[in-house]
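Peer 1: For the record, the sequence lines run as chains A and B. Residue numbers for the first sequence follow our numbering, so the first one is 1 and each next one is one higher. Residue numbers for the second sequence follow our numbering, so the first one is 114 and each next one is one higher.
All clues stand as given, with none of them false.
The calculated lysine-lysine pairs, modelled on DSBU-like cross-linking and capped at a C-alpha distance of 35 Å, are:
{"no.": "1", "chain 1": "B", "residue 1": "K170", "chain 2": "A", "residue 2": "K71"}
{"no.": "2", "chain 1": "B", "residue 1": "K124", "chain 2": "A", "residue 2": "K42"}
{"no.": "3", "chain 1": "B", "residue 1": "K184", "chain 2": "A", "residue 2": "K42"}
{"no.": "4", "chain 1": "B", "residue 1": "K170", "chain 2": "A", "residue 2": "K56"}
{"no.": "5", "chain 1": "A", "residue 1": "K68", "chain 2": "A", "residue 2": "K56"}
{"no.": "6", "chain 1": "B", "residue 1": "K170", "chain 2": "B", "residue 2": "K184"}
{"no.": "7", "chain 1": "A", "residue 1": "K71", "chain 2": "A", "residue 2": "K56"}
{"no.": "8", "chain 1": "B", "residue 1": "K170", "chain 2": "A", "residue 2": "K68"}
{"no.": "9", "chain 1": "A", "residue 1": "K42", "chain 2": "B", "residue 2": "K127"}
{"no.": "10", "chain 1": "B", "residue 1": "K170", "chain 2": "A", "residue 2": "K42"}
{"no.": "11", "chain 1": "B", "residue 1": "K184", "chain 2": "B", "residue 2": "K127"}
{"no.": "12", "chain 1": "A", "residue 1": "K56", "chain 2": "A", "residue 2": "K42"}
{"no.": "13", "chain 1": "B", "residue 1": "K124", "chain 2": "B", "residue 2": "K170"}
{"no.": "14", "chain 1": "A", "residue 1": "K68", "chain 2": "A", "residue 2": "K42"}
{"no.": "15", "chain 1": "A", "residue 1": "K42", "chain 2": "A", "residue 2": "K71"}
{"no.": "16", "chain 1": "B", "residue 1": "K184", "chain 2": "B", "residue 2": "K124"}
{"no.": "17", "chain 1": "B", "residue 1": "K127", "chain 2": "B", "residue 2": "K170"}
No lab work stands behind these hints: they were computed from the structure.
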Amino acid sequence: GESVGLHLPTLSVQEGDNSIINCAYSNSASDYFIWYKQESGKGPQFIIDIRSNMDKRQGQRVTVLLNKTVKHLSLQIAATQPGDSAVYFCAEISMDSSYKLIFGSGTRLLVRP
Amino acid sequence: DTGVSQNPRHKITKRGQNVTFRCDPISEHNRLYWYRQTLGQGPEFLTYFQNEAQLEKSRLLSDRFSAERPKGSFSTLEIQRTEQGDSAMYLCASSLESVNTEAFFGQGTRLTVV
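Hey, can you work out the whole structure from these sequences and the hints?
Peer 2: Structure (C-alpha cells):
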C-alpha cells in the first residue's frame with residue numbers, strides 16, 4: 001500500500017508500552033479537538049474527540065488531554081498493539097465554520113513486536 | 114469499511130484532461146465534505162455540502178474545480194484541465210448534523226497527473 005506518512009515525525013514504541021502523541025494547535029476559538037488514525041491506503045478514522053471546555057477525556061485504551069493555556073493536545077494509547085501502527089493526526093473544528101476539519105501535522109506511530 | 118464509497122480508487126490522467134470523481138456517503142448523512150491530501154500532509158478542506166447545498170468552498174478550490182451533490186446523496190468532484198500540481202489523494206467524508214465531530218472518510222481517489 002502507499003505510504004501516508006513520508007517525512008513525518010515518527011514515534012517508535014515497544015508492543016505493550018504506552019504511547020503519547022503530541023500536537024500543537026493554532027486556533028484558540030476551536031470548539032472541538034479530534035484525533036484521527038490513518039493507515040496506509042485508507043482514509044482517516046475517527047478515534048476520539050474532546051470539547052474545548054474539557055481537559056481530559058478517556059475512551060477504550062485511549063485518553064486525550066487538552067491544555068488550552070499552551071494550545072497543546074495529546075493522545076495517549078495504553079498497551080500499544082501492532083494494529084495501532086499508523087499515522088495520527090489531530091484536527092480542530094469550529095462550530096461557526098461548517099464543522100470542517102482543520103488537520104494538524106501528523107505523527108507516524110511504529111509499534112515494535 | 115466506513116460505509117463511504119469513493120470511485121475510482123486510482124486515476125492516472127494526462128495533463129490537460131478532465132477528471133471526475135464520485136463519492137457515495139453513508140445514506141442518512143446530510144453533511145458531505147471533500148478534502149485533498151498530499152504525501153506527508155494532513156487532509157486539507159476543499160468544500161462542504163449540507164444536503165444538496167454547497168455551503169462553503171476553500172480558496173484551494175480554483176475555478177478548474179467544481180463539485181456537485183444534485184440530490185443530496187452522492188457527490189461528484191470534477192477537475193478540468195488537470196495540472197501536475199493536482200496530483201493528490203482526494204478524500205470524501207460524511208457526517209450526521211446531530212453528531213458534529215465524527216466524520217467518516219472514504220478510502221479516497223488517488224489522482225496522478227502525468
